[in-house]
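**Q** The residues making up each chain are set out below.
Protein chains: 2
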Amino acid sequence: MQIAIVGLGLLGGSFALGLKAKHNNYRFIGVDYSAEHAAKALSLHLVDEVLPLEEAVKKSDLIVLAIPVNAISRLISPILDFLPENATLVDLGSTKELICKAAHKHPKRGKFVAAHPIAGTEYSGPEAAFASLLMNKTMIICDKEASDAASLKLVEQVCQDLEMHLRYMDSAAHDLHLAYVSHLSHISSFALGITVLDKEKDEKHIFDMAGSGFSSTVRLAKSSPQMWGPIFTQNKKNVSEALDSYIKQLQSFKDIIDKDDEEKGKELMLKANDIRRILG
Amino acid sequence: MQIAIVGLGLLGGSFALGLKAKHNNYRFIGVDYSAEHAAKALSLHLVDEVLPLEEAVKKSDLIVLAIPVNAISRLISPILDFLPENATLVDLGSTKELICKAAHKHPKRGKFVAAHPIAGTEYSGPEAAFASLLMNKTMIICDKEASDAASLKLVEQVCQDLEMHLRYMDSAAHDLHLAYVSHLSHISSFALGITVLDKEKDEKHIFDMAGSGFSSTVRLAKSSPQMWGPIFTQNKKNVSEALDSYIKQLQSFKDIIDKDDEEKGKELMLKANDIRRILG
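Residue numbers (this note's numbering), protein chains in the order written: chain A, 1 to 280; chain B, 1 to 280.
It cannot be assumed that every hint is accurate.
[Said to hold, decoys possible] Taking lysine to aspartate or glutamate and the EDC-like style, the derived pairs with C-alpha atoms no more than 20 Å apart in a straight line are: (1) Lys-101/B with Asp-161/B; (2) Lys-259/B with Glu-241/A; (3) Lys-137/B with Glu-203/A; (4) Lys-264/A with Glu-55/B; (5) Lys-20/B with Asp-161/B.
[Claimed, not checked] Label pairs and their in silico Cβ distance ranges: (6) Ser-240/A with Asn-136/B: 35 to 45 Å; (7) Asp-81/B with Lys-248/A: 41 to 51 Å; (8) Ser-252/A with Glu-263/B: 29 to 39 Å; (9) Arg-277/A with Asp-255/B: 32 to 42 Å; (10) Glu-49/A with Gly-125/B: 56 to 66 Å; (11) Lys-101/B with Glu-163/A: 39 to 49 Å; (12) Leu-42/A with Asp-255/B: 39 to 49 Å; (13) Asp-202/A with Asp-255/B: 44 to 54 Å; (14) Glu-163/B with Pro-52/A: 31 to 41 Å; (15) Asp-261/A with Phe-82/B: 33 to 43 Å; (16) Leu-42/B with Asp-261/A: 35 to 45 Å; (17) Ala-149/A with Asp-202/B: 27 to 37 Å; (18) Asp-260/B with Asp-260/A: 37 to 47 Å.
[Said to hold, decoys possible] Simulated coverage check for chain B against chain A, where a stretch passes if three residues somewhere in it have a Cβ under 8 Å from a Cβ of chain A: (19) 39-48; (20) 181-193; (21) 196-202; (22) 214-223; (23) 264-276.
None of these hints come from the bench; they were simulated from the model. Quick reminder that beta carbons are idealized off the backbone N, C-alpha and C, glycines included.
Using the sequences and the hints, build the whole thing.
**A** Printed below as a string of structure tokens:
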């Protein structure tokens, strides 16, 4: 099988490395608008060769889009236009509703599978890729009834090769839930990073006084703006609503602290403790 | 040396275990208002015997307060009242200004050392204790000029035995910085936990769709309300100010998303990325 990886960053690179580990006869063609990333991906053996997009697509059985979600939305229709007869296109974007809409009316919609792997780190670029990133992670496939049986089956098989757990969901429901369990966490972390950096001009204090709790809550503030900006834009309505609820909760905490209402504060924290049931 | 550990939870228990590992001739007396915790601490060999507070203090060379900060504030003066001639009292509370104030005018103030170990986990109780919790962590000693040389030296020696890194700071500065690099993280996490639990009635979605980013940002929501309520109250002014800045940052993100201002959003995220320099 010949596979085109469009976007040679953490996710695209890890996808290729994970599959290579299972199938040493698969061939990987890389596509990246950054010549530097492309060269790096070749030298790290993430892919076997690098080609321009159209050429790569035309030579491949499976095309994997591992680029920011706005680029996925923009490229999906042109790529479907020149997709070979028996090839399949899959995207790995973190939003799904607008991406599915972008493919919706295309005559080759069936060749497209909308997928979202729940996997990542706060690092990005080809150097961040590693073969086990996707292993044991969840792959959410959206609006599967819009994909042809053969294309769906191919993507499912690839996910099984990567030892991923498959889940199926409507693209609108996907975006709503992800706003809460992923996108909101990222904004909470970005905002925390800025708040603390703004205050702590003498950064030595941060090093010495910040414990593992701070590192844990602020870790996602290292995430890529190029990747996350378009996610927030594409999932604007849900993310804005989630942020609204979050700000209200924080305001409740502030009011409780300002009023010395320790009992009410403990009630709220006990409610939050309920997350133990879920996270273990 | 005979050491009284007042509060047989994660911190008190770990303090005892860590020192025991270095000095098998030290004797530990436990104090806990919960008979269940006391029994558990004995059975886990965190301490060698359990006694009522006054009795334990009177038999000890070093008394360690590992209880919620409101209880520390309340007990510090009565304990100093019956502290033996050559004994030293140290507290491990997460706030320092009000605690130092509570000891300020006591004739035996010099026997007291105000300390804060930057260490902890989201778990609590005697079962959560482990010998290496404090190893390689920072111990901040506050207002050290108010402590007698001998008492300060004893506490510094114990910290060195525990392989901790010593730092010194004014108690008011401590509380201001901790509001940003610790207390705010906890509130951000508690509020995130509640926001997501409120929305996701069908919790199966959380299990399947939440990645490691969510776990990381929400981890502190498992923290003990009994411990954290009094910290927020004692550090009210600073925590309220930090929360105010944090809410403003989140509101900026929301406005940017609502207005589709991706450029401004990327600017903010790039600013947050600067945390990489600090966290590595």
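**Q** Cut-off 8 Å, C-beta pairs, minimum 3 residues; does the coverage of the stretch 181-193 of chain B by chain A stand?
**A** Holds: 12 residues of the stretch 181-193 of chain B have a Cβ under 8 Å from chain A.
**Q** If you check the beta carbons of Ser-240/A and Asn-136/B, does the distance land in 35 to 45 Å?
**A** holds (42 Å)
**Q** Tell me if the beta carbons of Asp-260/B and Asp-260/A are separated by a distance inside 37 to 47 Å.
**A** Since Asp-260/B and Asp-260/A have Cβ atoms about 41 Å apart, the given range 37 to 47 Å holds.
**Q** Just tell me: holds or violated, for the beta carbon distance of Leu-42/B and Asp-261/A against 35 to 45 Å?
**A** holds (37 Å)
**Q** Cut-off 8 Å, C-beta pairs, minimum 3 residues; does the coverage of the stretch 39-48 of chain B by chain A stand?
**A** violated (count 0)
**Q** Does the beta carbon distance between Ser-252/A and Glu-263/B stay inside 29 to 39 Å, or does it fall outside?
**A** holds (33 Å)
**Q** Between Lys-101/B and Asp-161/B, does the CA-CA distance stay at or below 20 Å?
**A** violated (28 Å)
**Q** For the range 39 to 49 Å, tell me whether the beta carbons of Lys-101/B and Glu-163/A fit it or not.
**A** Violated, at about 57 Å.
**Q** Between Leu-42/A and Asp-255/B, is the Cβ distance one that fits in 39 to 49 Å?
**A** holds (42 Å)
**Q** Looking only at beta-carbon atoms, does the pair Asp-81/B, Lys-248/A fall within the given range of 41 to 51 Å?
**A** holds (46 Å)
**Q** Under the criterion that the straight-line Cα-Cα distance not exceed 20 Å, is the pair Lys-259/B, Glu-241/A satisfied?
**A** Cα-Cα ~14 Å, so holds.
**Q** Between Asp-261/A and Phe-82/B, does the C-beta distance stay in 33 to 43 Å?
**A** With Cβ atoms ~34 Å apart, the hint holds.
Of the numbered hints given earlier, the model fails hints 1, 4, 11, 13, 14 and 19; all others are met.
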